[in-house]
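Protein chains in written order, with my numbering: chain A, 1 to 407; chain B, 408 to 814.
Think of the hints as simulated: they come from the structure by calculation, not from any bench. Mixed in with the good hints, there may be bad ones.
[Claimed, not checked] Now the stretches of chain B that chain A is said to cover, found in silico as 3 or more residues with beta-carbon under 8 Å:
1. 442-450
2. 587-599
[What the hints assert, rightly or not] One side of the interface only, derived from the structure: several residues of chain A facing chain B at Cβ under 8 Å:
3. D104
4. V108
5. R151
6. R155
7. S173
8. I192
9. A194
10. C351
11. Q394
[Said to hold, decoys possible] So the derived label-pair ranges between C-beta atoms look like this:
12. A/A21 <-> B/A464: 48 to 54 Å
13. B/F573 <-> A/E299: 55 to 61 Å
14. A/A23 <-> B/E813: 27 to 33 Å
15. B/A449 <-> A/E72: 39 to 45 Å
16. B/T426 <-> A/M1: 16 to 22 Å
17. A/T334 <-> B/T426: 55 to 61 Å
18. A/T52 <-> B/R602: 58 to 64 Å
19. B/T457 <-> A/Q289: 53 to 59 Å
20. A/A21 <-> B/F573: 33 to 39 Å
21. A/E72 <-> B/F573: 56 to 62 Å
22. A/K183 <-> B/S703: 51 to 57 Å
23. B/G641 <-> A/T52: 47 to 53 Å
24. A/R87 <-> B/R782: 45 to 51 Å
Even glycine gets a Cβ: it sits at the ideal position worked out from N, Cα and C.
2 protein chains.
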Amino acid sequence: MTKTNSYITRLYCPKCGKTRAHAAVANLCGCGSPLLAQYDLARASREMDTRTFAGRAADLWRYKELLPVVEEADVVSLGEGFTPLLRLAGAGRSLGIDRLYLKDEGLVPSASFKARGAAVAVSKALELGVKTLILPTNGNAGAAAALYGARAGIRVKIVMPESAPFITRLECSVAGADLYLVKGLISDCGKIVARAIKNHERDSSPWYDFSTLKEPYRIEGKKTMGYEIAEQSGWESPDVILYPTGGGVGLIGVYKAFREMRELGFVDRIPRLVAVQAENCAPIVRAFQENKSESSFWENSSTVAFGINVPKALGDFLALEALYASKGCACAVTDQEIISAQRELAQKEGCFICPEGSALYAAAGKLRRDGRIRRDESVVLLNTGAGIKYPDTQEIAPVYLELDAEL
Amino acid sequence: MTKTNSYITRLYCPKCGKTRAHAAVANLCGCGSPLLAQYDLARASREMDTRTFAGRAADLWRYKELLPVVEEADVVSLGEGFTPLLRLAGAGRSLGIDRLYLKDEGLVPSASFKARGAAVAVSKALELGVKTLILPTNGNAGAAAALYGARAGIRVKIVMPESAPFITRLECSVAGADLYLVKGLISDCGKIVARAIKNHERDSSPWYDFSTLKEPYRIEGKKTMGYEIAEQSGWESPDVILYPTGGGVGLIGVYKAFREMRELGFVDRIPRLVAVQAENCAPIVRAFQENKSESSFWENSSTVAFGINVPKALGDFLALEALYASKGCACAVTDQEIISAQRELAQKEGCFICPEGSALYAAAGKLRRDGRIRRDESVVLLNTGAGIKYPDTQEIAPVYLELDAEL
């Protein structure tokens with residue numbers, strides 16, 4: 001068997017410090033906190049450097065030594081990762097930011113960054129012998145789990161609010177997952193999943209809880225966005241990275257990546273991280289403004305950016321820690337600003353990105369105006385998916401022509 | 408100004424042999440044939456080899472010396488290209504093909520291979536000073552033109568059948584293109600475009616005809632799929648490449664790439680090329696079976712694979728030449744086979760590809776069964792786009808759960 005030469009050593013709890021073996025199925029720590037993967041970075045920094053990655057395939061597995069999968073044969077890939085880091089010259093001029101970039105996660109399987117988490121976590125699940133996994137989802141994470149599960153030969157069960165974007169429902173179903181719809185919120189779906197896990201815990205192959213942050217490896221896939229931003233910037237950290245924040249896993253993953261890379265000697269500093277939320281669902285922003293270490297449940301949340309409609313995230317304390325420790329901040333924007341920003345980016349830059357991503361552009365403008373971003377700073381907007389997954393966000397008004405029309 | 412070091416020398420007519428300068432706007436040859444770009448391949452083969460590309464950015468501009476754009480500053484890019492070449496192990500076993508691969512063009516901007524053509528052709532149009540371009544489209548080519556046009560600052564006008572996929576309409580409109588819908592076929596749209604070109608030919612900035620193959624550079628963008636397949640296969644040609652054939656530009660482009668690469672000494676042979684069409688729109692297949700050099704108009708065409716609903720292609724003679732010269736063939740499949748293949752690929756491989764792409768899988772099975780593909784041959788399915796762009800192709804049947812449901 002060919003090895004990936006992963007430096008993974010174990011899982012650890014960022015709250016109570018307990019550790020767990022990585023070679024057995026694990027969910028939350030006994031204390032209720034998510035578990036994170038730990039690597040022998042001291043040894044890695046002696047044995048490899050940034051040149052190790054040069055010339056490797058243009059996907060996230062180029063960083064395989066810093067991912068949790070041990071056997072090459074267990075890697076389940078659809079070619080995800082190494083997405084473009086695009087210069088936004090015109091949009092940058094509009095905002096007064098000289099070096100504005102878009103990291104475009106629309107260009108991955110299922111057109112959402114959730115593919116990264118699914119690729120790495122499904123691979124590790126395959127390595128650990130998982131036969132069936134289940135998760136609640138607002139759509140994109142379910143679609144990605146269904147597709148990678150199909151490729152791995154793992155049975156996937158998905159519980160999704162009926163109101164989740166139709167296309168993600170289609171992806172789950174076409175990939176052969178068992179798809180369950182609920183007239184309720186993702187929190188209602190989570191309760192059904194929790195009961196199902198319990199109902200099957202004595203099965204010969206128990207169902208694996210693949211819920212956000214109850215599963216330790218989706219975050220490892222997402223952290224590769226941070227590695228790529230560094231590599232694509234010539235191993236220089238940008239000054240600021242803005243991230244749309246729902247469950248917070250992407251933000252936590254990017255923060256973990258930069259901490260690891262600093263320890264590895266790949267970069268010398270951690271960018272200021274900015275959590276962007278919608279005004280009608282902004283628990284992390286509220287907690288940040290109140291200087292709290294955890295958020296509280298946001299009642300009656302709603303936003304056009306469905307992926308960040310998360311009223312209370314399991315990993316809120318980790319997301320907030322990333323903001324405080326990186327000297328970043330949190331910022332909320334209105335749905336109207338999100339919709340306008342989506343159209344503006346498409347028209348100025350040809351980038352038709354998802355509303356979660358366009359929220360970042362609106363937020364960058366606010367932060368530039370209030371001085372929290374300076375003109376000469378390098379700023380990365382981490383767009384999490386393609387605009388085409390949400391066909392109902394924009395209203396359009398095409399002109400109808402007769403066959404004999406003249407233009 | 409930094410140069411791309413393009414080896415382009417001129418445009419030539421593959422029918423009558425006349426040549427044209429590449430430094431001025433050009434459409435069809437006087438004889439009515441499309442024009443193709445010519446490069447000084449003799450000089451290129453002395454000055455570069457396949458190692459030239461190693462370590463370059465993972466997009467189609469890594470082949471810039473063999474693309475028509477002369478100034479780096481004119482390159483309009485959204486990070487398109489260098490899409491994955493995925494092994495389909497399970498699907499290959501089903502078909503009895505040991506080395507089956509999928510080149511996945513779902514992972515480009517606008518989730519369709521049309522992005523490649525638009526990137527290169529819009530870049531060249533910018534270089535030539537074009538201010539306004541117009542095209543008829545079945546959807547995806549229009550969406551790509553709109554997005555790249557927006558990035559380039561070129562005004563884009565699109566004439567589309569009302570029945571074209573809704574998401575492509577949305578992309579055009581959000582990107583700020585002028586979108587016109589017609590209750591008719593793409594041929595009706597083409598007539599409106601032809602009149603519009605004529606109406607504006609005396610404008611200070613005439614409208615540029617960006618129609619398929621009336622514009623010589625979209626094919627240059629598409630040919631990069633061939634370069635990538637060769638590079639990703641270690642500069643070995645696969646035995647067979649299957650391509651969904653509507654207008655035929657992708658097929659012609661891939662054939663052109665392999666001819667160029669053979670002349671450059673990058674590869675030693677040209678793969679057998681297979682044109683795949685739908686049974687209710689198969690003019691190229693019919694012409695191939697009758698050993699003709701041109702196709703005739705297919706009456707009352709219809710197929711679920713909207714992108715290959717082209718009853719008579721302007722470049723049909725070039726597509727047929729590619730089939731004959733490469734010792735390839737043509738193959739038609741039914742809509743039912745296309746829909747089943749789409750589901751089968753998603754369930755076996757986690758690849759939710761467009762119906763045009765899944766037609767290739769159905770066709771590969773037919774050709775394997777009738778002996779035109781052998782078990783030990785390497786076979787590439789060139790999938791032209793993502794399944795999510797066509798949300799209505801598959802019927803799904805999710806299960807509804809009550810909040811207190813047990814699984």
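Hint-by-hint comparison with the structure:
Closer than 8 Å: that is the beta-carbon criterion, and the region 442-450 of chain B has 0 residues meeting it against chain A, so the requirement of 3 is violated. Given as covered by chain A, the region 587-599 of chain B passes the check, having 8 residues with a CB less than 8 Å from a CB of that chain where 3 are the minimum. Using the Cβ-Cβ criterion of 8 Å, the hint placing A/D104 at the interface with chain B is satisfied: the shortest such distance is roughly 6 Å. Among the interface hints, the one on A/V108 holds; its C-beta lies about 7 Å from the nearest C-beta in chain B, closer than the 8 Å criterion.
The closest approach between the C-beta of A/R151 and any C-beta of chain B is roughly 3 Å, which is under the 8 Å cut-off, so the hint is satisfied. With its C-beta approaching chain B no nearer than about 11 Å, A/R155 sits outside the 8 Å limit, and its interface hint is violated. Because the smallest distance between the Cβ of A/S173 and any Cβ of chain B comes to about 4 Å, under 8 Å, the interface hint for this residue holds. Nearest Cβ of chain B to the Cβ of A/I192: about 6 Å, under the 8 Å cut. The hint holds.
Of the supplied interface hints, the one on A/A194 is violated, with its beta-carbon coming no nearer than about 11 Å to a beta-carbon of chain B, more than 8 Å. The beta carbon of A/C351 comes within 7 Å of a beta carbon in chain B, closer than 8 Å, and the hint placing it at the interface holds. A distance limit of 8 Å between C-beta atoms decides the matter here; for A/Q394 the minimum to chain B is near 5 Å, and the interface restraint holds. Distance hint check for A/A21 and B/A464: the Cβ-Cβ separation is about 40 Å, which falls outside the suggested range of 48 to 54 Å.
At about 35 Å, the beta-carbon gap between B/F573 and A/E299 misses the expected band of 55 to 61 Å. At about 32 Å, the beta-carbon gap between A/A23 and B/E813 stays in the expected band of 27 to 33 Å. At about 42 Å, the CB distance of B/A449 to A/E72 agrees with the hint of 39 to 45 Å. A C-beta distance of roughly 58 Å is found between B/T426 and A/M1, which places it outside the suggested range of 16 to 22 Å.
Between A/T334 and B/T426 the C-beta distance comes to about 57 Å, which sits within the given range of 55 to 61 Å. The hinted window of 58 to 64 Å between A/T52 and B/R602 holds, with their beta carbons roughly 59 Å apart. Remark: the range hint 53 to 59 Å for B/T457 to A/Q289 is upheld by a beta-carbon distance near 56 Å. Distance hint check for A/A21 and B/F573: the Cβ-Cβ separation is about 50 Å, which falls outside the suggested range of 33 to 39 Å.
The supplied range of 56 to 62 Å is broken by A/E72 and B/F573, whose beta-carbon atoms lie about 42 Å from each other. Taking 51 to 57 Å as the suggested C-beta distance range, the pair A/K183 and B/S703 conforms, at roughly 54 Å. Roughly 21 Å separates the CB atoms of B/G641 and A/T52, a value that falls outside the hinted 47 to 53 Å. At roughly 48 Å, the beta carbons of A/R87 and B/R782 sit within the given window of 45 to 51 Å.
Going down the numbered hints, you'll see the structure goes against 1, 6, 9, 12, 13, 16, 20, 21, 23, while the others check out.
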